[in-house]
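K.L.:
Here's the letter readout for the chains.
Number of protein chains: 2
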Amino acid sequence: MGEFELIERFFKRPVRHAALGVGDDCALLNSAPGMQMAVSTDMLVQGRHFFPDVDPYTLGHKALAVNLSDLAACGARPLAFTLALALPEARSDWLEPFSRGLLDLADAHDCELIGGDTTQGPLNICITVFGEVPAGQALLRSGAQPGDDIYVSGSLGDAYLALQAMLGHITLPPTLLAATRQRMEQPTPRVALGLALRAVASAAADVSDGLLGDLGHILKQSSVGATVDTSVAMHLLAAYADPADVNGQFDQEQWMALALRCVLAGGDDYELVFTAPVSRRKDVAAAALQGDVPVTRLGRIDAAPGLRLVNADGAAVENRFASFDHFAERETVAGCSA
Amino acid sequence: MGEFELIERFFKRPVRHAALGVGDDCALLNSAPGMQMAVSTDMLVQGRHFFPDVDPYTLGHKALAVNLSDLAACGARPLAFTLALALPEARSDWLEPFSRGLLDLADAHDCELIGGDTTQGPLNICITVFGEVPAGQALLRSGAQPGDDIYVSGSLGDAYLALQAMLGHITLPPTLLAATRQRMEQPTPRVALGLALRAVASAAADVSDGLLGDLGHILKQSSVGATVDTSVAMHLLAAYADPADVNGQFDQEQWMALALRCVLAGGDDYELVFTAPVSRRKDVAAAALQGDVPVTRLGRIDAAPGLRLVNADGAAVENRFASFDHFAERETVAGCSA
Chain A
34 MGEFELIERF FKRPVRHAAL GVGDDCALLN SAPGMQMAVS TDMLVQGRHF FPDVDPYTLG
94 HKALAVNLSD LAACGARPLA FTLALALPEA RSDWLEPFSR GLLDLADAHD CELIGGDTTQ
154 GPLNICITVF GEVPAGQALL RSGAQPGDDI YVSGSLGDAY LALQAMLGHI TLPPTLLAAT
214 RQRMEQPTPR VALGLALRAV ASAAADVSDG LLGDLGHILK QSSVGATVDT SVAMHLLAAY
274 ADPADVNGQF DQEQWMALAL RCVLAGGDDY ELVFTAPVSR RKDVAAAALQ GDVPVTRLGR
334 IDAAPGLRLV NADGAAVENR FASFDHFAER ETVAGCSA
Chain B
34 MGEFELIERF FKRPVRHAAL GVGDDCALLN SAPGMQMAVS TDMLVQGRHF FPDVDPYTLG
94 HKALAVNLSD LAACGARPLA FTLALALPEA RSDWLEPFSR GLLDLADAHD CELIGGDTTQ
154 GPLNICITVF GEVPAGQALL RSGAQPGDDI YVSGSLGDAY LALQAMLGHI TLPPTLLAAT
214 RQRMEQPTPR VALGLALRAV ASAAADVSDG LLGDLGHILK QSSVGATVDT SVAMHLLAAY
274 ADPADVNGQF DQEQWMALAL RCVLAGGDDY ELVFTAPVSR RKDVAAAALQ GDVPVTRLGR
334 IDAAPGLRLV NADGAAVENR FASFDHFAER ETVAGCSA
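Chains as they are written, first to last, in the numbering used here: chain A, 34 to 371; chain B, 34 to 371.
Worth flagging that the hints you see were computed from the coordinates, not collected in a lab.
All C-beta atoms, glycine included, are put in the ideal place defined by N, C-alpha and C.
Among the clues, some could well be false.
Claimed, not checked - Here are the simulated distance ranges between beta carbons:
hint, chain 1, residue 1, chain 2, residue 2, range
1, B, 122, A, 88, 29 to 35 angstroms
2, B, 42, A, 219, 52 to 58 angstroms
3, B, 122, A, 124, 40 to 46 angstroms
4, A, 199, B, 170, 49 to 55 angstroms
5, B, 85, A, 322, 50 to 56 angstroms
To be verified - Derived list of chain A stretches under chain B, where covered just means 3 residues or more per stretch with a C-beta under 8 angstroms from a C-beta of chain B:
hint, segment
6, 58 to 69
7, 254 to 265
8, 301 to 314
9, 332 to 346
Claimed, not checked - Cut-off 30 angstroms, straight-line C-alpha distance, at most; resulting in silico cross-link-like pairs (DSS-like, lysine-lysine):
hint, chain 1, residue 1, chain 2, residue 2
10, B, 253, B, 315
11, B, 253, A, 45
12, A, 253, B, 45
13, A, 253, A, 315
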């Protein structure tokens, strides 16, 4: 199968909204008056972002999901995307499910594939996504104000827990592994929540590198600090369980430390972390309904810089959680170093 | 050096036109009334598109140049680009010249870096570029009409000739190697020519996979055929020389066959191939002046499908030239199989 047949068979589809799709030197997008174009790009590399034997359908889903998550964090409505793909070889039995996973999610968000590039090389997937947002209404990282509440959508840490099991660092019962692995391999971009938060949230980011790291971006760009209640955060791990359920590998304290590590610094969650004034709590609840995902209030923005962790009694909890950095060594997981 | 320091040091710069640049979940581009956004993406892979020891400055230049060339082919004015970069390691002595080569060319075209992604992995550079064009005025591949002239800008085949020398298939004298290698490593995107051709050309494409292949895209999408004069095309090789100048490796016939192979199917040229009505020859000449690059008329569009090669007498020349396909085996180079 040649390069052009590959594109024709798996990726070329009629466009509904774009002025011109796959097949020319450029794609063409119409610009709507009063709107801004939101743009984000993410690259997924085998061995870094996914296992070599990952199901191609879920990989196609995830490659687009992580990009849609960036649009969600800005409150932008998805429009279109480009796909650049380096493949070791052009195999139909891989390309067919990959393109289906990709395009199923694209269709669910009415987001069109408008162009791309294919080349031979170590497996690498680079998607650039385009969305639109009314001028001046995008959710930015820089808008958090002292006194604002801090929220996060959905659950956190499950992807990281699954990763630890898949790397052989811990064992999980089959049902727990399946549930957490699903969260890792097929994350749900919170697009509807992002749209609903447009006039409500003061700042937002998506949680890709870990909650504390991504909240840290908001703090830095808003020149504020924050206090996060770890006793609330702890329960964001959907897989939170009795230590006995995780095959008795941990005592209560070890398991709680691992759960907290997963939630605060696991990453690969693709939930939204956002801030909103205390006066907007009802609007946040309404946005959560509209976005069809629960949101949890887990802290507040402070004028004093720095990120403070506290327990249910307000006592300080040591912050031993580094967020993910592609060029730094990762800390070992609490309770998993053996 | 961590991921965020890397971005901060080498790639984060204030934006002049975009509403928001590097540093948030998305970048934001303002949309101008009456304009369409032209989008293209290209991925460059080590060992496939460049040698492992390539000068990082020229690699930065080329990574953006091949994308700007797609905008040029559509007659779009460059606005902005995103950069996704997989790197084996974060080394300043590589990143500094790479970013300089990239941003020097970006500045020359007033094209802003607005966002991106960096990750650890086998070296891979994926750029997505954005340009604007008045709605309905983009140059497409689909507009060629029977009777139209066929033109190409600049010179063709030099990059491929350099590649053959660098692969050790032929030897070139040092000055010829330097000149052709410069064309391979630092191609000049024909942005000004593309803009000048907007109201003149009937169809256009950039020459990345080889003249005949890229002209073939125009023919297919315009549902027409073409006749190309190989005696004219031959002289598009800027490095065209007496066989004696290429160290006596070839007799006259072998050298001419190699030169023609380079010109017609070499690829990696980033010139424009375009068509225009015979009545617009003066306008094409004016566009070439405006674009500061010579253009050569080398054939005509036919109503009958198919691509015919002829010599100066109009006699048929066999077409033995395949264009580049990333998932097909490449033909061996005429005269170079030893």
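K.L.:
Which of the listed hints are broken here?
P.N.:
2, 3, 7, 8 and 9
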